[in-house]
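*Asks:* In terms of UniProt numbering, the sequence shown opens at residue 1 and continues consecutively.
These are computed hints drawn from the structure, not numbers from a lab.
Each hint should be verified, as a subset may be incorrect.
[As the list claims (entries may be wrong)] Below, computed lysine to any residue pairings styled on SDA-like, alpha-carbon distance capped at 20 Å:
| id | residue 1 | residue 2 |
| --- | --- | --- |
| 1 | 23 | 90 |
| 2 | 21 | 43 |
| 3 | 20 | 55 |
| 4 | 20 | 43 |
| 5 | 20 | 88 |
[What the hints assert, rightly or not] Ranges of calculated distance between the beta carbons of each label pair, as one might list FRET restraints:
| id | residue 1 | residue 2 | range |
| --- | --- | --- | --- |
| 6 | 199 | 75 | 21 to 29 Å |
| 7 | 90 | 125 | 39 to 47 Å |
| 8 | 88 | 131 | 32 to 40 Å |
| 9 | 92 | 63 | 37 to 45 Å |
Quick reminder that beta carbons are idealized off the backbone N, C-alpha and C, glycines included.
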Amino acid sequence: MTAARTTPADRPPLGLRERKKIKTRQAIRTATYALIEEQGYDATTIEQIADRAEVSPSTVFRYFPTKEDIVVTDEWDPVMMAELRARPRDESWADVLRHVMRTALDLSLAEEPEVTRLRTRLGVEVPAVRARMMESMAATGRLLREALAERSGLDPDSLELRVFAMSVMGGLMEVSQYWAETGHRDDIRDLVDRALDVMEHGLPSGKP
């Protein structure tokens with residue numbers, strides 16, 4: 001599908017243990033999303049999640065340290081970083097980021113559109129989820145710094161690259177919240193483009 005995702009023929013087959021892990025993680029997440037939709041975030045407990053997923057509570061904690069970790073996912077980070085590294089060296093940073101973000105969003109929305117909307121809504125409504133999302137975004141920002149440093153030759157710990165990477169991540173966090181606050185009525189890919197336009201060109205001129 002993309003430079004970051006190998007075809008089934010190219011990808012080595014997963015072993016039984018790895019397939020079971022993936023199946024268990026998905027069962028836990030599916031159970032969590034269903035329970036939250038039915039009764040709300042605060043009313044949903046790890047014990048209920050374990051019962052719905054037909055695993056033990058200790059198994060839930062083995063895969064996810066907290067309930068917030070079940071909701072917040074960084075599984076698209078490797079996809080985005082691989083896409084970024086594969087882009088042409090002479091491509092502008094704005095075009096690179098647009099391509100990378102659109103790829104990740106296309107994959108996420110194609111596989112689980114309702115879950116993507118639920119996550120963003122919980123990020124607005126539940127402080128603990130929002131805090132965990134911010135931690136996840138900071139971790140993604142560090143990965144972004146490293147990938148951008150490879151393209152630019154800059155020190156990944158330089159102030160300039162740190163400010164740039166976290167400006168991007170902060171903007172994407174605001175896009176996520178805006179999308180949820182406005183009832184997901186816009187295409188989030190268009191919102192990301194608008195956010196990158198602001199980062200590239202600055203604020204639009206106000207009305208006279």
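*Asks:* Work down the list of hints and note, for each, if the structure agrees.
*Replies:* Hint check results:
no., hint, result
1, 23 to 90, "violated, 41 Å"
2, 21 to 43, "violated, 27 Å"
3, 20 to 55, "holds, 12 Å"
4, 20 to 43, "violated, 28 Å"
5, 20 to 88, "violated, 38 Å"
6, 199 to 75: 21 to 29 Å, "holds, 25 Å"
7, 90 to 125: 39 to 47 Å, "holds, 43 Å"
8, 88 to 131: 32 to 40 Å, "holds, 37 Å"
9, 92 to 63: 37 to 45 Å, "holds, 39 Å"
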